[in-house]
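As you go down the protein sequences, you meet chains G and E in turn.
Counting in my numbering, the first sequence runs from 1 upward without gaps.
Counting in my numbering, the second sequence runs from 1 upward without gaps.
Be aware that a few hints might be false.
[Unchecked claim] If you anchor each label on the Cβ, the simulated ranges turn out as follows: (1) Gly54/G - Ser10/E: 23 to 29 angstroms; (2) Ser56/E - Gly55/G: 27 to 33 angstroms; (3) Gly44/G - Gly57/E: 36 to 42 angstroms; (4) Asp70/E - Asp62/G: 34 to 40 angstroms; (5) Val58/E - Asn28/G: 20 to 26 angstroms.
No lab work stands behind these hints, which were simulated from the structure alone.
The beta carbon of each residue, even a glycine, is placed where N, CA and C say it ideally should be.
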Amino acid sequence: DVQLVESGGDYVQTGGSLRLSCAASGFNFKNFEMIWVRQSPGKGLDWISNIDEGGTTMSYADSVKGRFTVSRDNAKRSLYLQMNGLRVEDTAVYYCARVRYSSSLNWFDSWGQGTLVAVSS
Amino acid sequence: DIQMTQSPLSLSASVGGSVSITCRTNQSIGYHLNWYQQKPGKAPKLLIFGASNLQSGVPSRFRGSGSGTDFTLTIGSLQPEDFAIYYCQQSYNTLAWTFGQGTKVAFK
Numbered sequence: 001d002v003q004l005v006e007s008g009g010d011y012v013q014t015g016g017s018l019r020l021s022c023a024a025s026g027f028n029f030k031n032f033e034m035i036w037v038r039q040s041p042g043k044g045l046d047w048i049s050n051i052d053e054g055g056t057t058m059s060y061a062d063s064v065k066g067r068f069t070v071s072r073d074n075a076k077r078s079l080y081l082q083m084n085g086l087r088v089e090d091t092a093v094y095y096c097a098r099v100r101y102s103s104s105l106n107w108f109d110s111w112g113q114g115t116l117v118a119v120s121s
Numbered sequence: 001d002i003q004m005t006q007s008p009l010s011l012s013a014s015v016g017g018s019v020s021i022t023c024r025t026n027q028s029i030g031y032h033l034n035w036y037q038q039k040p041g042k043a044p045k046l047l048i049f050g051a052s053n054l055q056s057g058v059p060s061r062f063r064g065s066g067s068g069t070d071f072t073l074t075i076g077s078l079q080p081e082d083f084a085i086y087y088c089q090q091s092y093n094t095l096a097w098t099f100g101q102g103t104k105v106a107f108k
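Bound conformation, chain G alone (with noise of 0.2 angstroms):
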């Protein structure tokens, strides 16, 4: 079965740092590409980054560019999320989740447990 495990989310303060992880199994990661969801506390979803097969396209939303870096290790079957200068706004549960593709369309259809990462002032 396909799974997807987050971790790093910790407590810190505003201006910290923080280094998330997604361990995948049960499927070949080198062949997906990935990407970062999180969801602010009572808020709904918002896609943060993604990361090519390759690990060498990545796209970044406004609100972290800049400040987060997708990396993947593909003999690991691991995907990172380093988050630097970090806001109280970035509080949220973190979620990777798998993108598939089938001909013009695409989805994700594997979701990790997510991992919280809270920021205070």
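With chain G held as given, fit chain E onto it using these hints.
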């Protein structure tokens, strides 16, 4: 970015009843629309991809329809496990995927 507007934002219904949730976009996205279900404290779960394609393992009482800018998720014969929050998500602009605000389906 493509803006997504869901309606209603909340609704109440009874077990056995049927509900419909609408998702509108501010530009045409063809069939590039997905639906997810989220229960409290859990990760989102894919229900429908490509506007109307049922994800494997999802009950057939979930049905997606629409194209362009107007989409609908219909849940027929609501079951107790269907009370959750439902999100639409556009997959047309892969440089900035966006979600709707979410619609809470509650027990009447």
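Identify every previously stated hint that the structure contradicts and give their numbers, smallest first.
Per hint list: 1, 3, 4 violated.
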